[in-house]
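Asker: Listed here are the chains, written in short residue letters.
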Amino acid sequence: MASLLICGISCTGEQPPRGGGTLVAAITTDPGHLNTAITTNGGVHNAAGLLYNGLVSLDETLKPVPDLAERWEVEDAGALYRFHLRRDVLWHDGRPFTAADVKFTFDELLLKFHARTRASVGPALLRIDTPDDSTVEFHFRRPYAPLLLQLDVEEAPIMPKHLFERGDPLQNPANTAPVGTGPFRFVSYRSGSEIRYASNKQYFRGAPSLDNVVMRIVPDLGTQLVALEAGEVHWLFGVPGPERARIRRDPRFKLIQTPGVSGGSNCVTTLGFNLDRPLFRDVRMRRAIAHALDRRQFVDRVLFGEGRVADAPISSRIAFAHARDLAMPAFDTAQAARYLDSVGWRRDGTAVRTSRGVSGTADGTPLVVGFTAMPGQGVYGDLLRAQLRAVGVDLRIELLEPAVFGQKVFTARDFDTAIVAYCNGTDPEIGVRRQYVSTNIAPVPFSNLAAYRNPVMDSLFDHAASALKVAERQRVYREIQELAIRDQPYVWLVETLSTYAHSIRCNGLAASSHFAVKASCTE
Amino acid sequence: MKQGFVLRRLLQIVPTVMGVVLVGFLLIHIAPGDPVLALAGEHGDAEYYAFMRSRFGLDEPLPRQLVTYFARVATGDFGVSYVHGRSTARVIMERVPATLLLTGSALLMTIVISIPLGALAARRPHSARDIGISTAALVLFSAPVFWVGQLAIFALALKLGVFPVQGMASAGSASTGGSHTIDVVRHLALPAMVLASQELAALVRLTRSGLMDELARDHIRTARAKGVGEPWVLMRHALPRALMPVITVIGARAGQLIAGAVVVEIVFGWPGIGRLLLTSLQTRDTPLLLGLFLVISFTVTLANLVTDLLHSTVDPRVRLG
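Keeping their order, the protein sequence lines are chains W and B. According to this note's numbering, the first sequence is numbered sequentially starting from 1. According to this note's numbering, the second sequence is numbered sequentially starting from 1.
Since the hints were made in silico from the structure, they are not lab data. Remember, predicted model here, so these are calculated numbers, not experimental data. Be a bit skeptical, because a hint or two may be false.
Unchecked claim - When the alpha-carbon atoms are kept at most 20 Å apart in a straight line, the in silico SDA-like pairs for lysine to any residue are as follows:
| hint | chain 1 | residue 1 | chain 2 | residue 2 |
| --- | --- | --- | --- | --- |
| 1 | W | K161 | W | A230 |
| 2 | W | K112 | B | E47 |
| 3 | B | K2 | B | Q12 |
| 4 | W | K112 | B | A31 |
| 5 | W | K408 | B | A31 |
Could you build all of it, start to finish, from the sequences and the hints given here?
Answerer: In structure tokens, the structure reads:
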């Protein structure tokens, strides 16, 4: 009888999928620490996302679904959010997770150190209450619509109060030997080499089937790819454009492409004009450049066909806010030439236009425009230069490493035009507002690059943030986008995708912060 | 006499290292770039970045930052890395073993291979063997190291599968003892060979030209005339004197052992100091950079001292002082 029973499970040939295995993922930089609540640095989030949870998570359609919070209510027309937390969640060190952890994480970590959450939720929030151990209430000064999209593990990972309540959070030992609630727990961190995680057997959604995940630090992207081919690595967070076609054809690998996850997602590569420069004060000048650009070519040549032409200032992935059928400036070199002529930049048989009657510019000055970018975006510059050359604009490219780019463009404001991947996030409040409102013209990286000032725009954004009905927000964001196109402080070039690659020896992988939670690997 | 020299030189190390760190400090601050982006990530508001700057003392006037830094260093506190949030000394010390292992093995490989090769080439100048050795060394020296590295990975790791592609040990390996050592040696072989290939040329050529000069001298002719065997002439009479410039070059290389090898460490994902130097430069992690400058300049000056002492041992004509 006993043998029959055993046979009933194991002799049919239909065994349940065998779990286990070790997944090795390649990351580019040594994150330095693994606390995702004190930074928005993508390297730290890639390396440590598996350790933590947010109050909610976002499904593929960006709809909030339960995570640490099992349900929630929105009251007072959107000024009060009440979350009911799961009671079965344990920290990796065995202590129970409670509402006090949530309040502490927001008050002492996220609202102080997480740049996005601090900048967006911070000013609107009045206080956080914990009526009991499993209830958290967020009280806002005024109705605040986007909160539920800002509580996932990327935007608001919850940290253990019992480890962080003493001392300086930036130097807490738990930053390099972290404790979370997530599907994997920390095992070891070898500086410059690798970070090891093991399956969290007590995970409240059930233990992941993988035994281990190793985050391997491989700085060179070429080496990462070879390591994937040699079977030393199973998951890459990025694949260089020219290599994607080859990897896609290779049956040993699979590619996953998404517009990104959460805060760093839905990026629109954007050319910004420095409106402090007399050259770009006249909107005709900005429109001329917009009309001169064939943005389809950026998709084909820079993105290797993976991505799409931006057809609105807001990413098409934020479906409710993205406006359709807008009058974006079409590729029309004749129109560009007419605008340039009308401003006074004439082409009298010369390759580069010269000024005739441009106010503040001596006649005969050639039309030379500076272009500043980080090295990774230099390829955009080459194509921009070629396209602008056709209408008589001489683009001078200057490539600066990130630390210098941030300072030169946003602090010193010493540039004519610059290119930035504005990641819109899951709500325009997260990643769109910062480009347009005049209060965000500051020596701050990735703020309002153009230094665009329009009081109407400012009040429209305020209205959109506090309107609770989606239809109302949709209407206001449409107005915002129409106004943005009229004023043209930016040219929205292309929407980009993130590309992940994995070996077919591992399956169940997904492009999210918890990418390995459902994965299994065979040796 | 010798002790006085050593003591004097040791005392000179302090101002030299302080000078390097001071110049480094000024250069970092004169160069454009802002650490706050790497520290905090993007998307913050002005208030946030101001807050982060004040947390790390970046809003203080430069002279005060400098005084604070040196006052701390005097007490043995090298500050806290912006990016790692831990003591700079600890972050550096964690990387030192890996770097010493890589650069040390490469240097050893270079010495063991290049001196015999140089001697072989010098025995019959302008012979096919000499031309072959010199050309091969020159080709390896001229090829960019990242390219040699990629080729080595492609051929020896990916196609032949002899060596692993990257890292210092197998991913996630918890092995210890003998199997761990074998694992590390397998990972070490390729980057050490590539690094050594770059150093070979200089030493081969120096050994060769030094020996050729030496072998043409009178005392060698005398030795040969007395009937001393050729190997003995080479090893005992010519080589020690020919090795003087070689020792200088090796000494200079030894001083940089701890500075790591930026390109090779990046191509092979080797967790050493060279990579730490580059990333801390990119993120403008000033305390970490200054700590690295300090450690590297200290070893360089120390190695120079040892080189001078070696000179006087190998060649008694060299006077110290």
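Asker: Against each hint, give a clear statement of whether it holds in the structure.
Answerer: Okay, the hints, checked on the actual structure:
no.	hint	in the structure
1	W:K161 <-> W:A230	violated (42 Å)
2	W:K112 <-> B:E47	holds (10 Å)
3	B:K2 <-> B:Q12	holds (15 Å)
4	W:K112 <-> B:A31	violated (29 Å)
5	W:K408 <-> B:A31	holds (11 Å)
When held up to the earlier numbered hints, the structure conflicts with 1, 4 and fits the remainder.
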